[in-house]
Structures are given as C-alpha cells and as structure tokens.
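S.K.: Sequence:
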Amino acid sequence: GSDFNLNSTAQLGSVLFGELGAPILKKTKKTGRASVDASVLESLSGKKSKAGRFCESLLHYRYIGKMQMTYLDPAIALRWEDERVHPTYRSALTVTGRLSSAGPNIQNIPKDRLIRSIFVPRPGWVLTESDMMSAEMRALASQAGEQKLKRIFASGGDIHTMTFRQVFGKSEDYEPTQDERRLAKTLNFGIVYGISAFGVAQRYDMDEDEAQTVINQYFQAFPMVARFMRGAVRFARKRGYVRNKFGRKRRLYPDILSGESVIRHRAERQAVNAPIQADAWDYNAVAIRRVGATLRSYGLQARMVMTVHDQIMVEHPPEETYIVHRIIDAAFASVEYPEQIPVESKTVSRWGETNESKLEKLLEELRV
DNA sequence: CTGAAGCGCCAC
DNA sequence: AAACGTGGCGCTTCAG
Ligand SMILES: Nc1nc2c(ncn2[C@H]2C[C@H](O)[C@@H](COP(=O)(O)OP(=O)(O)OP(=O)(O)O)O2)c(=O)[nH]1
Ligand SMILES: [Mn+2]
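Residue numbers (my numbering): 23 to 390.
Hints were generated in silico from the structure; no laboratory data involved.
We treat Cβ as the ideally placed atom computed from N, Cα and C, and that holds for glycine.
Errors might be hidden in some of the hints.
Claimed, not checked - Derived pair list, reagent style DMTMM-like, types lysine to aspartate or glutamate, alpha-carbon separation capped at 20 Å:
(1) K172 <-> E366
(2) K70 <-> E41
(3) K207 <-> D134
(4) K48 <-> D59
(5) K207 <-> E197
(6) K88 <-> D59
(7) K368 <-> E341
(8) K88 <-> D134
(9) K383 <-> D351
(10) K48 <-> E230
(11) K48 <-> E64
(12) K49 <-> E64
(13) K368 <-> D180
(14) K207 <-> D227
(15) K383 <-> D153
(16) K72 <-> D25
(17) K267 <-> E358
(18) K49 <-> D227
(19) K207 <-> D153
(20) K368 <-> E387
(21) K192 <-> D180
(22) K133 <-> E366
(23) K88 <-> E64
(24) K172 <-> E361
(25) K260 <-> E282
(26) K207 <-> E194
(27) K368 <-> E151
(28) K72 <-> E41
(29) K192 <-> E232
(30) K88 <-> E78
(31) K207 <-> D195
Said to hold, decoys possible - Derived Cβ-Cβ restraints for the label pairs, each shown as a range:
(32) A60 <-> T116: 23 to 29 Å
(33) P245 <-> Y111: 36 to 42 Å
(34) S36 <-> R75: 15 to 21 Å
(35) A243 <-> S65: 28 to 34 Å
(36) S36 <-> K271: 45 to 51 Å
Turn these sequences into a full structure, and let the hints steer you where they fit.
M.R.: Below you can see the structure in the form of structure tokens.
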C-alpha cells in the first residue's frame, strides 16, 4: 500500500501491527515497542494471511541483507594487498579470556557454505580445521566431577546428539541433522548456564511445565552439575570472583551481592559460566602455542591462520596433511588438564566445504 | 557531520 | 515481564 523503510523497526512495526493487523507477540527491551525480531516473524509466518506471507518474505530479505551487508561487502572491502583479511584479535578484552576479533570479525562468519567458502587457502594448498569436541561440556564434566558425563565422553559419546534424542523422544540410533544437534547444543548450554523454564519454553515452543520437567530431569541425570552451579555461586558471593582451572579470574563483585535481583541473578549465571568458558579457551590457547611451535620445529610450510574460540585453522600444502593432523592431535592431547579434550579435524579446499570423496580425504586416509 | 542508543542477528 | 553465557557489527534514529 505505501512506501516505507523495511530496515526501520519502527516503520515496519506500524505497518505490520497497524495496517496488516498482526498481533503483538513481544515487546522490545528498552522502549517497550512491539518487537519485529525473527522469533515474532516466524510465529506470524505460519498463516495464509497477508501478514503471514509478508513475514516470510521479510525473513528472507533480512537474511540476504545480513549476508551481503555484514559479511560479503566487508570481506571484499577489508582485503589487504595479499587479498586476505587480517582481523585484529584482542587478547585482553573479554571477561572470560576468550579473544575478540574485529575488522572483520572472523569469529562470527555464517556457517552458510556460500559465505564460508569465500575464505580459501593460497592456490594449490588446503585448510585443516580442528574443533574441540563438546568443548565446554567436557570442561564442565571435569570441573563438576560429574562421572556420568565423564564416562559418556570417555566412551566416545556425543552429548549434544544424546540430549537431542533424549529430549525430543528419538531412538538411540537416530542421527540428528546439524540443525537438530545445534538445538540440543543450545539446550545443553542453556540449562547448565542457568536458563529458566520460561526460557526453555520460549525457545522450544513448549509448555512451561514441560520445560521445567526437562530441566529437572537434566539435573537428575547429572546431579553434580547442579552441585557445581551452587558451589560457583557460593564461592563468588564469599570471594567476589571466580577462577578457572588455569588460574584465570573473573571479578563479580559488587554485582554478585547487588540488591537488584536482575543484576544479582545475572552475576550468578556468570559465576557458573566464566570458569567453564575460560577453561575451554585456555585449553585451546595452550594447544595453539604448541601447534605453532611444533609446526616451526618440523620446518613445515604449514601456518596457523586463525582461531575461533575452540577451533584452529591451519593452511598448508596437501602433502603436509598427515603430519599436520598428527601434530594437532598431539598438541591437544598434551594439554595439562584432568581430562583430554580431543578435536575433530577436517581438511578442505575452501572453508565450510566438505572433503567427501575429494583429494583431501584421500590424503588423510593414505597418510601421505 | 559524529557518536550513542536501540534493535536485530551472525558466531562460538 | 524479563532468569543461558561470550562477543562484533549494520541500520535507523536522535542529540549535539
Ligand atoms: N552459553 C553458550 N555457550 C555456547 C553456545 N554455543 C556455543 N557455546 C560455547 C560452548 C561450546 O562448547 C563452545 C564451542 O562451540 P561449538 O559450536 O564448537 O560447540 P561444542 O564444542 O560444544 O560442540 P561440537 O562437538 O564442536 O559441535 O562455545 C551457546 O548457545 N550458549
Ligand atoms: Mn567445538
């Protein structure tokens, strides 16, 4: 009917909830206006009404715009003379010890293959990407002393896959899709970092009662996790900070004693999260140093090119594939920590692509 | 014109 | 009413 700016949440809201008569499902945090975020648009999308079809198109428009404006355009504009981007990693910015990355941020590149695949090694070379398996769940198992969780990992189990099957009522041999496994990942970390029944219900379209049951059963299955959570909060209240296994501290005073419950409860969740998130990063950081040192000592052409929290990426000639895998596995196995956190490695010609029936796969298997 | 706030959304 | 955590960044809007 009329012209307006799709990127303006205010203008969009008046059209969607005024002209098109869609129901207001959610308010924004600061101003209390009608929210037009993805969760709202998705709820409205199901319908055959004009508003429903509009929301579907809008979600697609948002995604395309996000990819173009936030990732593709900057990736091209920020290339240096070597045709690569060189993000700035800040090692003393985050409260948990993780690195931050900017200019461009290389740590939030979409998983969408169309986007990831623009990042490539030099011609003729390959990329080996190694990602810690269930990184923070293993750190948690260690810190909480949750034997049941430790046994799952020791026997090669995948907690995210198991949680998906358990919560969504699938059989033991059901293989979740990547998206389904991501759902379970969010649930696992949500629960252990203090999500509410309301939050679970919201995210998974469940009753709040149902959600509470999921949370209760989770802590029943892993009681030491609940105990660890209480212990972290108690420690933070008494000492004003928490500390991870590598000795890294996060200060939580005065929030942890705040009279404002919103502030205080947030600090309590931070008390639980910080030592775990910090452990996963520090573990990776130690391994990174060893991978770098070992690649050098072997006189290889391989070079580490980036890291994303619990992952590292190495660029190297294809003939170095086997030794690079060996070096990375050994480095991650060598970190001084009560439990090993292994990596899953894959070698590819472009970031985000698979190596199925390709040269890289052969090179991995043939141990060239 | 610049900077900040608000919203929204990508990753781990 | 809000109660998973850690980040960076684009756009719109508004104050100066
Ligand atoms: N609190 C919180 N932490 C997250 C979330 N997603 C990822 N993380 C943290 C915890 C993960 O262990 C870590 C690395 O992310 P990954 O995507 O590699 O997941 P993870 O290592 O658990 O599983 P993986 O076996 O690699 O698929 O980042 C989340 O939704 N909430
Ligand atoms: Mn991982």
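S.K.: All hints are to be evaluated individually against the structure, with a verdict given for each.
M.R.: Consistency of the hints with the structure:
no., hint, result
1, K172 <-> E366, "holds, 18 Å"
2, K70 <-> E41, "holds, 16 Å"
3, K207 <-> D134, "holds, 18 Å"
4, K48 <-> D59, "holds, 9 Å"
5, K207 <-> E197, "holds, 14 Å"
6, K88 <-> D59, "holds, 14 Å"
7, K368 <-> E341, "holds, 15 Å"
8, K88 <-> D134, "holds, 12 Å"
9, K383 <-> D351, "holds, 17 Å"
10, K48 <-> E230, "holds, 17 Å"
11, K48 <-> E64, "holds, 12 Å"
12, K49 <-> E64, "holds, 15 Å"
13, K368 <-> D180, "holds, 18 Å"
14, K207 <-> D227, "holds, 16 Å"
15, K383 <-> D153, "holds, 17 Å"
16, K72 <-> D25, "holds, 17 Å"
17, K267 <-> E358, "holds, 10 Å"
18, K49 <-> D227, "holds, 18 Å"
19, K207 <-> D153, "holds, 15 Å"
20, K368 <-> E387, "holds, 11 Å"
21, K192 <-> D180, "holds, 15 Å"
22, K133 <-> E366, "holds, 17 Å"
23, K88 <-> E64, "holds, 17 Å"
24, K172 <-> E361, "holds, 8 Å"
25, K260 <-> E282, "holds, 18 Å"
26, K207 <-> E194, "holds, 17 Å"
27, K368 <-> E151, "holds, 5 Å"
28, K72 <-> E41, "holds, 10 Å"
29, K192 <-> E232, "holds, 17 Å"
30, K88 <-> E78, "holds, 16 Å"
31, K207 <-> D195, "holds, 18 Å"
32, A60 <-> T116: 23 to 29 Å, "holds, 26 Å"
33, P245 <-> Y111: 36 to 42 Å, "holds, 39 Å"
34, S36 <-> R75: 15 to 21 Å, "holds, 19 Å"
35, A243 <-> S65: 28 to 34 Å, "holds, 31 Å"
36, S36 <-> K271: 45 to 51 Å, "holds, 48 Å"
Checked against the numbered hints given earlier, this structure breaks none of them.
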